[in-house]
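So you can see what is in the structure, the chains are spelled out below.
Number of protein chains: 2
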Amino acid sequence: MSDLKNKILSLVKNDLEEIEAALRQNLNPYLDLVHNIASHILFSGGKRLRPLLMVLSARMCGYDGDYDKTFSTIFEYLHAATLLHDDLVDEANLRRGKPVANLVWDNPTAVLAGDFLLARSLSIAAKTKRPDVIEVVAGITENMSQGEIHQLSRKGHLDLTEEEYMEIIQRKTAVLFQGACHTGALVADASEEKGTQLAAYGFNMGIAFQMVDDLLDYTLDTKVLGKEIGADLKEGKLTLPVIYSLKTADQKDRTRMEQIILNKDFSAEDFEILIAKMNKYGGQAYTKKLATEYVSAAKVAIRTFNPSKTKDILLMLADYTLAREA
Amino acid sequence: MSDLKNKILSLVKNDLEEIEAALRQNLNPYLDLVHNIASHILFSGGKRLRPLLMVLSARMCGYDGDYDKTFSTIFEYLHAATLLHDDLVDEANLRRGKPVANLVWDNPTAVLAGDFLLARSLSIAAKTKRPDVIEVVAGITENMSQGEIHQLSRKGHLDLTEEEYMEIIQRKTAVLFQGACHTGALVADASEEKGTQLAAYGFNMGIAFQMVDDLLDYTLDTKVLGKEIGADLKEGKLTLPVIYSLKTADQKDRTRMEQIILNKDFSAEDFEILIAKMNKYGGQAYTKKLATEYVSAAKVAIRTFNPSKTKDILLMLADYTLAREA
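Residue numbers (our numbering), protein chains in the order written: chain A, 112 to 437; chain B, 112 to 437.
Mixed in with the good hints there might be a few duds.
Treat identical chains as interchangeable: a pair holds within one or across any two.
Within a straight-line C-alpha distance of at most 20 Å, the following computed SDA-like cross-link-like pairs (lysine to any residue) qualify [said to hold, decoys possible]:
id, residue 1, residue 2
1, Lys422, Glu278
2, Lys358, Gly267
3, Lys266, Asp143
4, Lys345, Asn204
5, Lys116, Glu273
6, Lys238, Asp376
7, Lys348, Asp217
8, Lys209, Ser155
9, Lys124, Lys422
No lab work stands behind these hints: they were computed from the structure.
Looking at chain A on its own, in the form it has when it is part of the complex (with noise of 0.2 Å):
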C-alpha cells in the first residue's frame, strides 16, 4: 500500500467507519433476500470514495449537522445499484475478487435488488428535505443510465472516438462524483460559488478516476485488480488507451490491434503484443497524462478555499487517483 493511501487512510478512518455504519443502518429492506443481495455488492471491499467525498465536501463548507454520514450513503447506494445493473451488462464474472450477484442469484432478482438500493439512495435524498439535492441525485441516475446505454450501443465498435469515450465516462461516472461533491456543499448551506467549485473539482476527479480505472485494466492482473485482466476488451468495451493507440498506430500495427480486439477469446500473449502495440502508439502514457492534467483541474478547483485539514485532504485525494493501485 503506498504512503498516500496509508497517509488518507489514517486521516478518515473515523469517517470512513461512521459511514459503513450508516450504510449499514439506512439499507433497511423488509426482505432478507434483498438484505443478502445489496449486502453482497454493498459490503465487499468498496473504498467508499464517493460517500466520503460528499462528507469532506460539506465539512469544508462548513456543515455542522449531524447527518452528514446518513446522507452520504446515497452515493454508495446508487453506486451500487448501477453496479448490479451494470454487471448484468457487462455479463462480467468477478467484481472486487467476488462472484457478481447475478450469477450468485440470477439476472431478474439482481436488477430488482439494484432498483431497491436506486430507491433507497432517492429515499434519503429526499431525507434532506432539499429539492436541489433531490434533482442533482436524480440527474445522476438519469445521466448514468445514458451513459451506459451509449456505451453499451457502441460496443465492439473500433470507431469509438476519443469524443464520444469523453462524453460516456462523463455521464457514466464523473456526474457521480460531481454530485456528491456538489451535495456535500449544498446540504452545508454553502455559497452558490462554492457548490460550482466543489462540483468542478468532483467531476474532473471522476474523469481521472475513470481515466486511470481504464488504464488499469492494461496493466494489472487479476489478482490486484479483483477481475479478469483485459476484461473491458472481452467485453467489447474500448477505452481512451485504446483509442488514442488505434487512431495513432500505422496500418499495419492497426490491424494487428484490430485483429486481437475483435477476437474476444484473444490468448494472454495477443493481450501482451496488444500492450506493447499500445505502448508503442503512447495510449497509455497519453491516458496517464490527460488524467493527471484533470487531477490538477480538480486541485485548483478548490484553490479559493481556506486551507484546512479538509482541503488538505481532497487534495491528497486527487492525487491519489492517480497513485492508486486498485
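Given the coordinates of chain A, assemble chain B onto it according to the supplied hints.
Just chain B, lined up with the frame of chain A:
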C-alpha cells in the same frame, strides 16, 4: 367497449390528451436509442390510469397550477420503468400485444432504459420542490422492487398464502396508485386529512385493480388481453384465484390442479380443466368478491369530499376497475 368506459373517456378526454403531450415533452433523453426504447413501452396503448388519478386527485383538492400534467408523468414513467424491468423478470414475450423491449433490443439495454425512466420520474418529482412528494415517489420504488423480488423468490411455490399474495400486490401495485393520488393532494396543498383519504382511495383501488388483473389471466384470450393466456401460471406466478382454489379443493382435485400448474408447458386443454376446477372451488368468484370490497373501500375513502364532477369520475373509475375487460 362498455358504456362506463365510454362515459369516463368522454369526461377525461382533454386530460388524457394533455397527459399524452406531457409524456412526450418530458421524456427528453439525449440518445435516440433511449428515446426509441422508452417510446416502445410508453406509447403502446397504456391507459394512463396512474397519471390520470394524480390529475383528478389534485383537481378534487382545488389545484389550480399549471403543472399537474407535468407532475402526472412521474407515475407513468415510473410504471413504464417497472414494466421494462418486470418483462425481464417475467420472461414474457408480449406486452400490450407487442413484443417486449428486452426481446426487441436486449436485456441490458431494457434494464438501463428502465433506469432512465425511473430517474426521469424522480427528476420530475424533484421539480415539485416538495420533499414530501419525493419521499412518496422514492417510497413507491422501494416498495415495488421489494414486492417484485418477493414474488420472484416465491415463484412456483404452491404454498404461497393469501396473506403473502396481499403483501406482494400491495407493494408491487397498490402503493403506486396510492402514491399518485396522495401526490395529487400534496401538490394541491390539501389538508393532511384529504391527503390520507385520497391515498386510501388509491391504495384500495390499486388492490382491486391487481386482483382483477390477476383474474383476467383466467378469463380472457390472447387477443383481448394482449399477452399470452395462462401467462402468470407459465411464469410460476400464483395469484389469488389459484391460491384460493388450491386451498379449498379436495385432495384429488388439488393434486390434479398442482400437476397442471407445475407443468409449465400445460396444454390449452389442461388450462381449461384447471379453470373449471377453479370455478368449482370458487377461486374466481372469491377474487371478484374481494376486488368488489376493495372498490367499495376506495369509494368510501373519499366519501366526505364535496360532490363534484371530478369526484364522480373518481367514483366511476373505481367501478370501472371491476368492469374492465383488459
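Do the hints match the structure? See the list:
Proximity of lysine 422 to glutamate 278 under the C-alpha cut-off of 20 Å is found in neither arrangement, the shortest distances being 29 Å within a copy and 49 Å between copies. When the C-alpha separation of lysine 358 and glycine 267 is checked against a cutoff of 20 Å, the pair qualifies only within one copy, where the shortest distance is 15 Å, while the shortest distance between copies is 54 Å. In this homomeric assembly, lysine 266 and aspartate 143 come within 20 Å of each other (Cα to Cα) only across copies, at 16 Å, whereas the closest approach inside a single copy is 36 Å. In the homo-oligomer, the alpha carbons of lysine 345 and asparagine 204 lie at most 20 Å apart inside one protomer (12 Å), although the nearest pairing across protomers, at 30 Å, exceeds that limit.
Taking identical chains as interchangeable, the C-alpha atoms of lysine 116 and glutamate 273 are never at most 20 Å apart, the minima being 30 Å within one chain and 55 Å between chains. In this assembly of identical chains, lysine 238 and aspartate 376 lie within 20 Å of each other by CA distance neither inside one copy nor across copies; the values are 48 Å within and 48 Å between. In the homo-oligomer, the alpha carbons of lysine 348 and aspartate 217 lie at most 20 Å apart only across protomers (17 Å), although the nearest pairing inside one protomer, at 23 Å, exceeds that limit. Taking CA atoms no more than 20 Å apart as the test, lysine 209 paired with serine 155 passes inside one copy only; the shortest distance there is 8 Å, against 41 Å between copies.
Taking identical chains as interchangeable, the C-alpha atoms of lysine 124 and lysine 422 lie at most 20 Å apart only when both belong to the same chain, with a minimum of 16 Å there against 58 Å between chains.
Hints 1, 5 and 6 from the list above are not met by this structure, while the remaining hints are.
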